[in-house]
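Start from chain Z and add chain Y according to the hints.
Number of protein chains: 2
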Amino acid sequence: MGRFTSYFPILAWGRTYSSAQLTDDGLAAIIVTIMLIPQSLAYALLAGLPAHIGLYASILPLVVYAIFGTSSALAVGPVAVISLMTAAAIGNLGLTDPTQLIVAAAVLAGLSGIILLVMGILRMGVLANFLSHPVVAGFITASGIVIALSQAKHILGVDASGHNIIQLLSLLWAERDAVHWPTIYIGLPALGFLFWIRAGLKPLLRAIGVSEWLAGLAVKLGPVVVIIVTILFTKMLHLDMQGVSIVGVIPQGLPGLTVPGLSVLDFDTELWIQLAGSAFLISIIGFVESVSVAQTLAAKKRERIFPDQELIGLGAANIASSLSGGYPVTGGFSRSVVNYDAGAATPAAGAFAAIGIALATLFLTPFLYYLPKASLAATIIVAVLSLVDLSVLKRSWVYSKADFTAVLLTLSGTLLIGVEIGVTLGVIASISLYLLKTARPHIAVVGQVGRTEHFRNVLRHQVRIWDNLLSVRVDQSLYFANARALEDFLTAHIAESKSVRHVVLQCSAINEIDASAIESLEAINEKLHSMNVSFHLSEVKGPVMDRLNRIAFTTHISGQVFLSHMDAVKALTADIPSHISVPKVEGASPRSYMK
Amino acid sequence: MGRFTSYFPILAWGRTYSSAQLTDDGLAAIIVTIMLIPQSLAYALLAGLPAHIGLYASILPLVVYAIFGTSSALAVGPVAVISLMTAAAIGNLGLTDPTQLIVAAAVLAGLSGIILLVMGILRMGVLANFLSHPVVAGFITASGIVIALSQAKHILGVDASGHNIIQLLSLLWAERDAVHWPTIYIGLPALGFLFWIRAGLKPLLRAIGVSEWLAGLAVKLGPVVVIIVTILFTKMLHLDMQGVSIVGVIPQGLPGLTVPGLSVLDFDTELWIQLAGSAFLISIIGFVESVSVAQTLAAKKRERIFPDQELIGLGAANIASSLSGGYPVTGGFSRSVVNYDAGAATPAAGAFAAIGIALATLFLTPFLYYLPKASLAATIIVAVLSLVDLSVLKRSWVYSKADFTAVLLTLSGTLLIGVEIGVTLGVIASISLYLLKTARPHIAVVGQVGRTEHFRNVLRHQVRIWDNLLSVRVDQSLYFANARALEDFLTAHIAESKSVRHVVLQCSAINEIDASAIESLEAINEKLHSMNVSFHLSEVKGPVMDRLNRIAFTTHISGQVFLSHMDAVKALTADIPSHISVPKVEGASPRSYMK
Chain Z
165 MGRFTSYFPI LAWGRTYSSA QLTDDGLAAI IVTIMLIPQS LAYALLAGLP AHIGLYASIL
225 PLVVYAIFGT SSALAVGPVA VISLMTAAAI GNLGLTDPTQ LIVAAAVLAG LSGIILLVMG
285 ILRMGVLANF LSHPVVAGFI TASGIVIALS QAKHILGVDA SGHNIIQLLS LLWAERDAVH
345 WPTIYIGLPA LGFLFWIRAG LKPLLRAIGV SEWLAGLAVK LGPVVVIIVT ILFTKMLHLD
405 MQGVSIVGVI PQGLPGLTVP GLSVLDFDTE LWIQLAGSAF LISIIGFVES VSVAQTLAAK
465 KRERIFPDQE LIGLGAANIA SSLSGGYPVT GGFSRSVVNY DAGAATPAAG AFAAIGIALA
525 TLFLTPFLYY LPKASLAATI IVAVLSLVDL SVLKRSWVYS KADFTAVLLT LSGTLLIGVE
585 IGVTLGVIAS ISLYLLKTAR PHIAVVGQVG RTEHFRNVLR HQVRIWDNLL SVRVDQSLYF
645 ANARALEDFL TAHIAESKSV RHVVLQCSAI NEIDASAIES LEAINEKLHS MNVSFHLSEV
705 KGPVMDRLNR IAFTTHISGQ VFLSHMDAVK ALTADIPSHI SVPKVEGASP RSYMK
Chain Y
165 MGRFTSYFPI LAWGRTYSSA QLTDDGLAAI IVTIMLIPQS LAYALLAGLP AHIGLYASIL
225 PLVVYAIFGT SSALAVGPVA VISLMTAAAI GNLGLTDPTQ LIVAAAVLAG LSGIILLVMG
285 ILRMGVLANF LSHPVVAGFI TASGIVIALS QAKHILGVDA SGHNIIQLLS LLWAERDAVH
345 WPTIYIGLPA LGFLFWIRAG LKPLLRAIGV SEWLAGLAVK LGPVVVIIVT ILFTKMLHLD
405 MQGVSIVGVI PQGLPGLTVP GLSVLDFDTE LWIQLAGSAF LISIIGFVES VSVAQTLAAK
465 KRERIFPDQE LIGLGAANIA SSLSGGYPVT GGFSRSVVNY DAGAATPAAG AFAAIGIALA
525 TLFLTPFLYY LPKASLAATI IVAVLSLVDL SVLKRSWVYS KADFTAVLLT LSGTLLIGVE
585 IGVTLGVIAS ISLYLLKTAR PHIAVVGQVG RTEHFRNVLR HQVRIWDNLL SVRVDQSLYF
645 ANARALEDFL TAHIAESKSV RHVVLQCSAI NEIDASAIES LEAINEKLHS MNVSFHLSEV
705 KGPVMDRLNR IAFTTHISGQ VFLSHMDAVK ALTADIPSHI SVPKVEGASP RSYMK
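Residue numbers (the working numbering), protein chains in the order written: chain Z, 165 to 759; chain Y, 165 to 759.
Do not rely on the hints blindly, as some may be mistaken.
Treat identical chains as interchangeable: a pair holds within one or across any two.
[Stated by the list, open to error] DSSO-like mimics (lysine-lysine), calculated; alpha carbons at most 27 Å apart, straight line:
id	residue 1	residue 2
1	K662	K734
2	K384	K464
3	K601	K705
4	K705	K565
5	K705	K558
6	K464	K662
7	K465	K662
8	K705	K464
9	K565	K601
10	K366	K465
11	K399	K384
12	K464	K366
13	K601	K558
14	K465	K601
15	K558	K366
16	K366	K734
17	K384	K465
18	K565	K662
19	K558	K464
Simulated from the structure, these hints should not be mistaken for laboratory data.
Isolated chain Z, as found in the complex (with noise of 0.2 Å):
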């Protein structure tokens, strides 16, 4: 594949398309477009925004990430995560105005595009790397309780917003003699029903003999059943009349192409540079969710993604949404599932489903005027609770404290502060505790085991050592962060046993030596050298090896280059009697004493 079309993965996969694909594009679309109405007005409403902002957002992004994406299941659409991003990152501007919302939103999915589609460009997919999995499970938990906390409104039927638990519970409870009734009677049973839907159906109907796959789908149109039954209800009983939110009338036709923020005269910068961070974040979030869900997916048909790639396309489809009136989206995983599941061959299942959901934009927006709000957010919260996974907080408790402590604090700063500032925090932990990881090498004085060529930590095990000589081996590349380390660990070493003439560093573990570490060898040598004492190196990888050799560093070092730390040791210890080195397990920490 050409660097150009590498592209436009749309060219490799158009060329042999068959009439088999059509029809397995087809049928998965049908499907997956019944599912996405109701998700994506939800969704819309979850953001802050009118519901049918979702629809747009659900026509021409797919049609756009059928062209540049590479997963043949991926759906895009709008998301549960990435609309309560979008709620807090517009909530954040101070807009009362509907209309400036919607710009906003606008503005954000473009800002997010173009983000995207440049780190695309620049093969930069590896920042997401950094979005460790302790701080994206504690994330995607804290949102799914702020996310369903914040549709309790909906079902209760007051006016409680807000962006974190503490808000939320405060003004859900200052409202509590404010409840609407005639809502709560929509609202409670179809929540009710959805969670029985979830639990109980596919089980019911596997019992009558339905097939696993046909019980499957049929648990995941539910939000169907209940939207059209809730429509119908409130319609029959006049229930807007007593006070029902409803979502009301929804412009008919398809949205028309704009670049949002732009006036006829003027560009609105101020907005663009307000919502770059947000818009930075909401991109990596939306990426990490999206390439984990078409991964996944790909590993089952044996095929593979490309991420740089799907930075293109997922930028592209943002682009798409921004330019037609919609708002951020990414793959979700719940209809990337359902389409992989409905059979969908080639990408162009999703550009199918897009016609479906223009067409419903076009036809079936009146009859979506009677819509309670309280049965979308009914299917909101019970989509996103199975998101919630507390058990994460356990079990990375028992594998490693500093992974528990990334967890705890996204999860924490997220329900209390808010997304923006959980994960942030998240990432910063994450990383600043790797680095104080890396900052503390382990670093072992070693001993020869028996008469073998093995050298292992004389603290643990029982070896052979000179009075003369101090072999050291550091587990863990050298770099600026810990460079003083080995330097400390030597002068406190040296400082306490007087007899030694040789230091022999056992460069094995040694992948990488910075500058940092040089100047501190070179410090290491000098000191040494100023105390009477050589230094030599052993085991130095050769690439090590020829970056040492591009600064002389080895000839100007007091001892030598040994191939092997045997070779140092025999070299060094002639005529010199060894003893054996007694072991002090008390003294080792459990973690270190098995190496």
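Same frame as chain Z, but now just chain Y:
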């Protein structure tokens, strides 16, 4: 040493203090005092403060460091780089009243002292390691240039203040017709004389038979001669009447003890908050400078210093400086070397120097009235230009492009924007470059070398491989930033070679596997399983194995864990014919070729 007494190193050396040590310390103190007086005055001027503040900062801090510090040779007081940073920090506040500037500088010292003290108590000296050598080198060189330019105004007798070379050069250029010739007649000869002393005096003295030590001392006392001569000239020729800027009236007597920024009724919280960021940077940079000097000098005597206790010593010294009307201090390079060369035996030498400066403050200040600022500026320029070393750019370019980038960013940021931005940019760049490097680990497919038990990269060596087996080695610990790289690598290789039934990951270079990497390994295991390929590990290190066992990882992967890679190959390739790989040297970068 107990925990409590370890906080007071004076209790250790004070107990055995001898009259011989007293003589040594006393002599060193006299020499340091004489050298410290002009330096203190000059650096205070550089910090944008009245000259006598430099004297205040050289009394109590020295006494306090003698109690808490661990280095016998370190001389604490005002230094060039910290003075420049102080000028930038208090210059940003927009204060015009000199009294307010003095208070702000004292607050900065107080904050910096508290930060250092807290870091010391929490044993966070390791933080200083994140100032990599390239960042420090670039910063010091750029600071030297900025400082020299900032002092040019005193030599030229014009008004041109600024915090980067663009501001300074444009202001100096704008003032080019307003230069004050009488000032230049003082400044230029002083500058020329000082440069000559540095370059020409020592060889001359050595040639006429003066000892190395005495010749070196004479060079270091050059500034004192300049100060005395220019004071006499200015007084006799009444140059102050002709507009030559002089130090003027210095309050006679010792500074009183006060908490700065504390009015009778309200504490100036805002000022403390505004200065917190600057204080943090000053603390870290001051600590790094001081510890490097102290470690270098301690090594010469085969002594040790304790970085965490140094934090406490410097913290206490800065708090003392703050309370006694001074400004931020740290251990300076030039004066510590003088102290060491003059034979200082214990930290008491510093306390004795403090007595000398206190006496000077009491009795010498009337004599300093006529001291021209131009000659102080000349001493600064000569001192800081010796810090400028642009060769670090070339050296780091040769050694590593990542290190070069960090130097270049720090250097240009400091020169063109300012000290705080410069050093922050450098730290962020060096950490990011390191993380990006580890995020793209070296991963190799390996094969058996001849009939040995060694396995090497198939791209560079003629090694034995088997069609049903993919042997992979990762040269880095697995953590969140690189976990996905292995997943991508394996997916790509398996998609290409359909005959593979087993993947063995050789873990000899893996020192750590974090929670994200575990998730990734589990995903790999599942993906491979769905492709009908088993996933095995070999040569897992003890501590890594312990951790994997905590979550029973090894029991639910599809393959086994082998003690050595050879064992894995023997077990998995029975009856499968092997063939020899063809190395593809041209595709391999020279860096990885040797692995």
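Practice problem: Up to 27 Å between alpha-carbons, please classify K384 paired with K465: within, between, both or neither. | Solution: This pair counts as within: shortest intra-copy Cα distance 22 Å, inter-copy 76 Å.
Quiz item: Checking K705 and K565: alpha-carbon separation at most 27 Å within a copy, between copies, both or neither?
Solution: between (32 Å within a copy, 20 Å between copies)
Quiz item: How would you classify K464 and K662 at a CA-CA limit of 27 Å: within, between, both, or neither?
Solution: Between copies, since 15 Å is at most 27 Å while 63 Å is not.
Quiz item: For K705 vs K558, is the C-alpha pair at or below 27 Å within one copy, between two copies, both, or neither?
Solution: between (40 Å within a copy, 25 Å between copies)
Quiz item: Is it within, between, both, or neither for K384 and K464, if the alpha carbons may be no more than 27 Å apart?
Solution: within (21 Å within a copy, 75 Å between copies)
Practice problem: Have a look at K601 and K705 and pick one of within, between, both or neither, based on CA distance no larger than 27 Å. | Solution: Classified as both: same-chain Cα gap 23 Å, cross-chain 17 Å, threshold 27 Å.
Practice problem: Indicate which option fits the pair K366, K465 if close means a Cα-Cα distance not exceeding 27 Å: within, between, both or neither. | Solution: Within one copy only: 26 Å inside a chain, 79 Å across chains, cut-off 27 Å.
Quiz item: Quick one: K558 to K366, C-alpha cut-off 27 Å, is that within a copy, between copies, both, or neither?
Solution: neither (30 Å within a copy, 69 Å between copies)
Quiz item: Given a CA cutoff of 27 Å, do K366 and K734 count as a within-copy pair, a between-copy pair, both, or neither?
Solution: neither (72 Å within a copy, 47 Å between copies)
Quiz item: At most 27 Å between C-alpha atoms: does K465 with K662 qualify within a copy, between copies, both, or neither?
Solution: between (65 Å within a copy, 13 Å between copies)
Quiz prompt | Within, between, both or neither, where K399 and K384 count as close if Cα-Cα is 27 Å or less | solution = within (25 Å within a copy, 95 Å between copies)
Practice problem: Could you place K662 and K734 in one of the four classes (within, between, both, neither) given a Cα distance threshold of 27 Å? | Solution: Close inside one copy (21 Å), not across copies (48 Å); limit 27 Å.
Going through the hint list in order, the structure does not satisfy hints 8, 14, 15, 16, 18, 19.
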